[in-house]
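Could you build the full structure based on these sequences and the hints that come with them?
Taken in sequence, the protein lines are chains A and B. Letter 23 of the first sequence, counting from 1, is numbered 23 in this note's numbering, and no numbers are missing. So the mapping is simple: this note's numbering equals the position in the second sequence, first residue as 1, plus 1000.
These aren't lab readings, by the way, just hints derived from the structure by calculation. Ideal Cβ positions, reconstructed from N, Cα and C, are used throughout, including at glycine.
Within a straight-line C-alpha distance of at most 30 angstroms, the following computed DSS-like cross-link-like pairs (lysine-lysine) qualify:
| # | chain 1 | residue 1 | chain 2 | residue 2 |
| --- | --- | --- | --- | --- |
| 1 | B | Lys1133 | A | Lys250 |
| 2 | B | Lys1133 | A | Lys52 |
| 3 | A | Lys72 | A | Lys250 |
| 4 | A | Lys250 | B | Lys1224 |
Estimated spans, in silico, between C-beta atoms of each pair:
| # | chain 1 | residue 1 | chain 2 | residue 2 | range |
| --- | --- | --- | --- | --- | --- |
| 5 | A | Leu51 | B | Pro1042 | 51 to 61 angstroms |
| 6 | A | Ser136 | B | Leu1135 | 51 to 61 angstroms |
| 7 | A | Arg277 | B | Arg1101 | 21 to 31 angstroms |
| 8 | B | Ser1273 | A | Ala137 | 45 to 55 angstroms |
| 9 | B | Ser1075 | A | Ala184 | 48 to 58 angstroms |
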Amino acid sequence: MKSTRSLIAYLQVAPLFVVLFLFFIVPLALVVVVSFYRYQVMVGLVPDFTLKNYVEILTSATVWKLYFSTVKFTVTVLVITGVLGFWISYFLVFHIRNLLTAIGLFLVCTVPFWTSNIIRMISWRPVLGKEGLINSALLDLGVVDQPVQWLLFSDFAVVVAYVHLYTLFMIVPIFNAMARIEPALLEAATDGGASRWGVVWNVVLPLSKTGIALGAVFVVTLVMGDFFVVTVMSGGLSGSATSGIFNDLKFLNYPRAAASAVILLIIVLLIATAIFRLVDVRKELAR
Amino acid sequence: MAEKSYGKRPWTFYVLAALFTAFVIFLYAPMIVVYILSFQGPTGGLVFPLRGVSLHWFDALFGQARTGDVGGAFSRSLPLALIVLLVTVLISVTAGFAFRRRFLGSGLIFYVAVASLIVPGLVLSIGILVTLKFLDLPARWFTSGLGAHLSWTLPFGLLIMFAVLGRFNPAYEEAAYDLGANKWQSLRHVIIPILFPGIIAVALFGFTLSYDEFPRSWLAVGSKNTLPIEIWTMTTNVTSPALYALGTVTTVISFTAIAIALGSIAYIQRRRSRRG
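Now the structure itself:
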């Protein structure tokens, strides 16, 4: 009986596994393989086992500079989305008295997730541009007499777009974690003499850390792996860790693009593992 | 905490309410600006002030081939999103049932699914490109493109099924068996109806995530672009409100999908509570 049961389970999970195997495991494995290949103009992939691609990337000052700038973006965005995500979820879960209202407001926050990222990114142009809404308003109010230049095509614009696109990835898991906190727990803490901040700091924050961790993993991988937002919003002024990949792909240098991809993947996985080690997410999900 | 009892609202409520309002404005205002600007007259530019009101730029979008192959991109992205919806629902619902019990390797498959979710899209796109080179196959939106999308939608579907099945009480299923239902009958008349709102959520994620997917599709769909890639190329060479018009059209489609999904969930819940 037990063996037929697990046979059924294997049959049920087989289609999922086949798709993930074909379109996730195999491609990643081949990226690793190709990263050791040699590049030859006009030929493309030449089987080999060379560390040349890695050496070229890791000894390039440009690459280190790009990674530094990407890490700077990641940390900035992580802090902003984390703070926003925490307080917005806190507001929805603990300040809205009607459950339906809370769910409705939560949906208002999540609807943009189901619409096009590129359009949402582009939509900052008429707002932040030299003749955009903010600059016209500032000029009309007489706050400035020259349009503010650094609003668009700048690091500022990049951060604005990231926060706009990715705060949802913080709100959803943190909201989910907070919604499972027993209100009685908070009352007990207050009755026990905890201040309002004490309750937030010692009860709500520790119980929300699974959500914060999940959100952080999403934000880290999305920002570290991004090329498109940084290109459009910085107007090509800032690069990202993935810029090198694009240049290599243009010249069909797949081996070096693959090596860059492997390095990026290792960094993202290390960060994700570190975050998951802080919080046992699977145990918390099953709670 | 004091907030939960119906007393006077604490000052933090007003501070956080202001923060929330500001965030919602931040979230929606730029999008609304784009929708407004897309209805400009033929002389309209990329910024305010609005120069006339017309449907000129929507016409330009599908008119002569001057803004790229928008019609073609729609004719690929919509069927692809529907296929992804169907496959995502079938595979993640079935897989969700498997995970109700622990089996050898269940942890491993779970971690592979999560890894597929958080791997940078670009890395996966390169991976699929390289795989196709190895197999000497061309990239097509309905083969490699479909696979790239599924690697993104299936983990979401699985996580939703975890949440849905976690709340599903097996007593209902047992009750059906006790009353003489066979496996198929209990699935058809008991399990599926109870899980239906969750299944709609999976469908919504499948459709919209595929329809808007960009980084994974980038190198995987081949020479015939899907819509997000078409928009991406337009950002670099189209400097007219036609770009905004496309933004409006594609958002209308997304909103329609969201409205259908949320509307049918609300309808089912209401019918259920009326009966219950």
